[in-house]
Each structure stands twice: as C-alpha cells, then as structure tokens.
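Asks: If you're matching them up, the sequences are chains A and L in order. Those letters in the first sequence? Residues 1 to 358, by the working numbering. Those letters in the second sequence? Residues 1 to 261, by the working numbering.
Calculated directly from the structure, the hints in this document are not laboratory data. Be aware that one or more of the hints could be misleading.
To be verified - With a straight-line Cα cutoff of 27 Å, these simulated DSS-like cross-link-like pairs (lysine-lysine) come out:
{"#": "1", "chain 1": "A", "residue 1": "K111", "chain 2": "A", "residue 2": "K153"}
{"#": "2", "chain 1": "L", "residue 1": "K172", "chain 2": "A", "residue 2": "K101"}
{"#": "3", "chain 1": "A", "residue 1": "K111", "chain 2": "L", "residue 2": "K179"}
{"#": "4", "chain 1": "L", "residue 1": "K172", "chain 2": "A", "residue 2": "K153"}
{"#": "5", "chain 1": "A", "residue 1": "K167", "chain 2": "A", "residue 2": "K153"}
{"#": "6", "chain 1": "A", "residue 1": "K20", "chain 2": "A", "residue 2": "K65"}
{"#": "7", "chain 1": "A", "residue 1": "K111", "chain 2": "A", "residue 2": "K181"}
{"#": "8", "chain 1": "L", "residue 1": "K179", "chain 2": "A", "residue 2": "K101"}
{"#": "9", "chain 1": "A", "residue 1": "K181", "chain 2": "A", "residue 2": "K167"}
{"#": "10", "chain 1": "A", "residue 1": "K65", "chain 2": "L", "residue 2": "K179"}
{"#": "11", "chain 1": "L", "residue 1": "K5", "chain 2": "A", "residue 2": "K104"}
{"#": "12", "chain 1": "A", "residue 1": "K104", "chain 2": "A", "residue 2": "K167"}
{"#": "13", "chain 1": "L", "residue 1": "K34", "chain 2": "A", "residue 2": "K111"}
{"#": "14", "chain 1": "L", "residue 1": "K172", "chain 2": "A", "residue 2": "K151"}
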Amino acid sequence: MAFLEINEVRKQFSANIVVKGFNLGIEGGEFLSLLGPSGCGKTTVLRMVAGFESPTSGTIRIDGKDVTNLRPNQRNVGMVFQAYALFPNMTVAENVAFGLKVAKRPASEIKSRVDEMLQMIKLPHLADRYPYQCSGGQQQRVALARALAQKPKVLLLDEPLSALDAKIRVSLREEIRALQKGLGITTIFVTHDQEEALSMSDRIVVMNEGRAEQVGTPFEIYNHPQTPFVANFVGTLSVLKGKVLDAASGRIQIGKSEIVASRKLFQANAGDTCSVALRPEAAVLENGHAAPTGHNRLAGVIDDVSFLGSVVRVRVKIDDNAISLDTFNNPSAVPPQPGAPVVVSFTPNDVLVLDGSR
Amino acid sequence: MKQSKIGSWIAFIIGTLYFIVPLIGTFEFSMRMKRGEYSFEAYRVVFSDPNFQQTFLYSTLMGLITIVIGVVLVVPTAYFIQLRLPRLRPVVEFITLLPLVMPAIVIVFGYLRLYNSSSWIPLTANARATDLLLAFSYVTLALPYMYRAVETGMRAIDVRTLTEAAEVLGAKLPTILFKVIFPNVRVAILSGAFLTFAIVIGEFTMASLLNRPAFGPYLQLIGANRAYEPSALAIIAFLITWACMGLINVFGQARQMKRST
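Use the sequences and the hints to build the structure in full.
Replies: Laid out in structure tokens, this is it:
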C-alpha cells in the first residue's frame, strides 16, 4: 500500500468535469510532480489532497487513513502557495510559528523549532522582518519553513516557483529538492514547467484534460512518451508528416526520402499517413562526414538559426516538413547560415511514431 | 505645459475659495458674539450648555454602538461573500448602496410603521428600544461606506489564499478571522468606522423623527433660535468631521510608510 493513495477520484464543477477517474499511489519520501497545461486538473488534484476541494467521488488516503472528508486543518499536510501567502501582519518568525501556536505547543518548543526552521532555510537574520521587507525568493523560503514547521505528513507545492525570476527559480528548486531529500518528506509538486518537473522529481504524472496521461520517471517521460500528448508536451519536438511504406520494418516516406523507425507502427498499414517526431538533440547536421550506416538521412535547407546561449537551434526545411535540432555553440566556428543546403541524420531509435491513419 | 499648470492652479484656488470663504465667514461671525471685539464667547456658551454635552455624548455613544454593530455585521459578511459566495457580490453591493438612493425620511417612516408600539416588534415602545432602533438605522445609513471600506481592504489582501494558508496550518475559523483576517483589514475597518462616526454625529432626520436627544436635532434647535452659537457649532461639527478624515489618513499613511520601509 502506498503512503498516499488517490483512488478513482473525480471532480465536477457544475457541468464541467475537471478530474476524471484519477488514480495515483505515492510512496513515502517520494517527490512526485503533477505536470500539465493550464486547466488540466493538476491544481484541483492537489487541492483535493489538501482538503480545499472535496472529490465528487473517489477516496484519498494518507498513511492508511481515509482523509477524503476531513477538513484541511485535520489532515496534517503542509502547503506552499504560488503567491507565498505569508501573513502580512506577522514577522517571519511569527509566520513560521503560526501552525505550532495553533497546535498549542509549549513556547520553548515553538522557539527552538522556529530557530531550527530559519537555520534550515538560511534566513535566521530575517526573523524579525515582515514579509513585505523580504524578496520574493526569501518569502517563498519562509513559506516553505512555515509549511514544514509542524512536521506534516505530506508537503504540497502549488507552483511555488512561478512568481520568481529565472535565476532564483533555479537555485530555489535545487534548495527545495535538497530539503525534501534531507527530510525524506512525501511531496507533491504542481507545475506547468517541464524543466522544473524533470529536474526535481522522482516521478512525474503528465496530466491532460483531467486524466493522468503517463506516470513515470523523468527519464521515461522524456525518452519514452506513451502518448502523442506527452511527447508533444514534454520537451521540444519536430513533427514530420509521412506515409507508411512497411509497418513491419518501420519504413516511412518523408517527402521524397525514406526513413526507418525502430519502434513498431501500431495499427498502421502500408499507405497510411502517419506523424513521427524527433527531439532537437536527436538529430545532427552532417558536416562533411557521412552518418554511420543504418542512420536515417534527410536532405534539406537551413531555414532559421536561433542563438540560445550554450546551444544554437537550427531549423532545417525538408520538403513540407521542418526539423529543429540543437548544436553546441562553438565560438571559434562559423555558425550555420540560413539558406545553406545540409543533411540531417538521426538513428531509427530516435524516431517517435505519434500516430497513423488511413 | 506651463499654461496647463497655471490653469490647474486657477481651478485649485477657485475650488479652495469656494469651500474656505464661507467657512472663514462662519468662523469670523462666530467670534463676534461680544460687541466690538473678537472672542470665543459663543464657543464658551456652547460648551457650557448642558444640552450640548448631553446630546454630544449621546451621539458619540450612538456612534460607537453603530460602529460595533456595523463591524460585526459587515466584516464577516464581506469575508464570506469574498470567500464562499462571490456570485452574491453584485446583489450585496446593490443592497449596500440602497441607503444612498433612499431618503432617510422614507427609511424612518418605514421603521415607524414596522416597529411602532402596536406592532409585533414594538421597538418604539420605550426609550431604550428606540435607542436600539436608532442605532440600527444608523448602521443602515452608514452601510455603503462601511461595506465599501471593508470590502476594498479585503480585496487588497487575497483573503482566499490567506484563509487557506491558515487552515492548512491547523487554524479554525475564529483563529483565521481574529489572527489573520482582522489584523490585515484593520485600517479598512477604521476608515469605515470614522466615516460612520462622522455620519452619526451630525445626523438629524432619524434622530428627530424617532424623538431621541441626539446632536443633530440639537444643532437644528440652536440654529433656529440663536445667532452666534449655530456658527460656533457648525465650526465644531466641521472640526469633528475633519478630525475623523484626518485619522483615516493618519492610519492609511502609517500603513503605507510601514510597507515602504
């Protein structure tokens, strides 16, 4: 039995079904991310675990106890909100102490726990400051300390990084992950940012239209997407339209060229149209050296070049299709020029077959 | 640019003179009670009048009672509307605006029909019950100001998220209201309270028709029978109102300064 179990949970607001038959088991100490676009139901699932929303049907169990109908203040969960939600009338220390005071812990215990929490988030010098005197990153760390002060069974993070600037976001996500690992607390993290989910999580649930599309490790989600939605949503994809030549051997015609996909084309027959996809890092430009035998090769023309810092993204037009690929930025080399004819190569393993139809 | 600045100054000076000149005239007149010299004699007479003291004390007390009832009624209402029943907001806003469009005399005649001594709830049957009715009617009169002030304060602090943050930390409703919500809308409540006080202290129609010894009817009585004292009273009433407005600003600015440090 998992530490946190969500069984057949469904949530309906009037005629709008937001979560449809959602099932999930989260192990103790696991860091799990709910990833998906706006409106996919991820925040509603989190709010049902917190107790702010009641499931229309289904059950939620934490540590073996059915909490489906318990109020948020009876569940012993900690939550960090996107907008920090620190109490403006209280100092940093008072914010951290709030839950402990509500639980009527002895004053000496509250003081030592608050000190411990502020040390943990490396902000003991801000104890007497008010939230408006702290930066966004500091406020979110205080919110994290406040959520953890009561030693909750589950930590819920509702897009806690999305209001912060890029640099602080990266450092804070590393801090959150380190704290979570150190404390071994079961954590659910809601985000629409795939980079956050991929870098922080033990497992990711990709959600779409109220359902879990795929549950897996970041490696599985990125490299072995099970549905076209997951493949499209996680990472960048170049989608190529083609025609199935031979489903058994995975031969596909793209424009005037032919490629091979090593994964089977499910329910596809010769003559069907199909969509295949490539990750930017899977394709390479042949610079005078032909790709090894067995690699797919497509000839095209450079359409656009985007400089992204350490990486240069090149878009290559191949008949009616386009492939985006990443090359490392080499300051001493001439960057690829738009209009130049090139050959793009990739292995049959790198071809993701998204769908096929007659 | 320069011309538009000159235009603004002219408009400002005309506006200021429009308000200040009558006030200066009233003040100057109130100082002329003693022939041939300026003095505060009219003020001395007013302050030493036992009726002034009684009516002012009565209206002050009624103002405080009105504020307490208003806060108890409005703050939880605004809180629950914002948190649980946001769809009812337009309805409640409409209701709270009604006292602005409905003359006080209509409201008080309605009260007299509903609560006269032969009705089911005879609130006009004795003085204490009538005082209570007067306080309720003041709450109604001040409702637009009190509700607006509190509602604006609540909108500024994201009541929903703060409530959820407190709830998930184990807090129950009384703790959430008294430790989290009230302290963060205190300035808004005070603004509503001072506006209520300013309205109550000079209110005439309700107090007069309910026959209660309030400051408003006293002002009217003096105004009809004396020469210099009404001017002194007008200046005193202005000072009380300004003091209330000043206190709203003081609290508001103190809050802003605290935030900007």
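Asks: Compare the structure with each hint and give your call.
Replies: Here is what the structure says about each hint:
The straight-line distance between the Cα atoms of A/K111 and A/K153 is roughly 21 Å, inside the 27 Å bound, and the hint therefore holds. In summary, the hint linking L/K172 to A/K101 is supported, as the alpha carbons are separated by about 12 Å, within the 27 Å threshold. Between the alpha carbons of A/K111 and L/K179 the distance comes to roughly 19 Å, so the proposed pair stays at or under 27 Å and holds. Proximity of L/K172 to A/K153 is assessed by CA-CA distance (about 20 Å); at most 27 Å being required, the pair is judged to hold.
With a CA separation close to 30 Å, the supplied pair A/K167 and A/K153 exceeds the 27 Å bound. Straight-line distance between C-alpha atoms of A/K20 and A/K65 comes to about 23 Å, which keeps the hinted pair within the 27 Å bound. About 25 Å separates the Cα atoms of A/K111 and A/K181, which keeps this hinted pair within 27 Å; it holds. Note on L/K179 and A/K101: the hinted pairing holds, with a Cα-Cα distance of about 11 Å set against a maximum of 27 Å.
For the hint pairing A/K181 with A/K167, the CA-to-CA distance comes to about 22 Å; that is within 27 Å, so the pair holds. Between A/K65 and L/K179 the CA atoms are separated by roughly 30 Å; this puts the pair beyond 27 Å, and the hint is violated. Pair hint L/K5 plus A/K104 does not hold up; C-alpha atoms about 61 Å apart against a cutoff of 27 Å. The straight-line distance between the Cα atoms of A/K104 and A/K167 is roughly 39 Å, outside the 27 Å bound, and the hint therefore fails.
For the suggested pair L/K34 and A/K111, the alpha carbons sit about 68 Å apart, so the restraint of at most 27 Å is broken. Straight-line distance between C-alpha atoms of L/K172 and A/K151 comes to about 19 Å, which keeps the hinted pair within the 27 Å bound.
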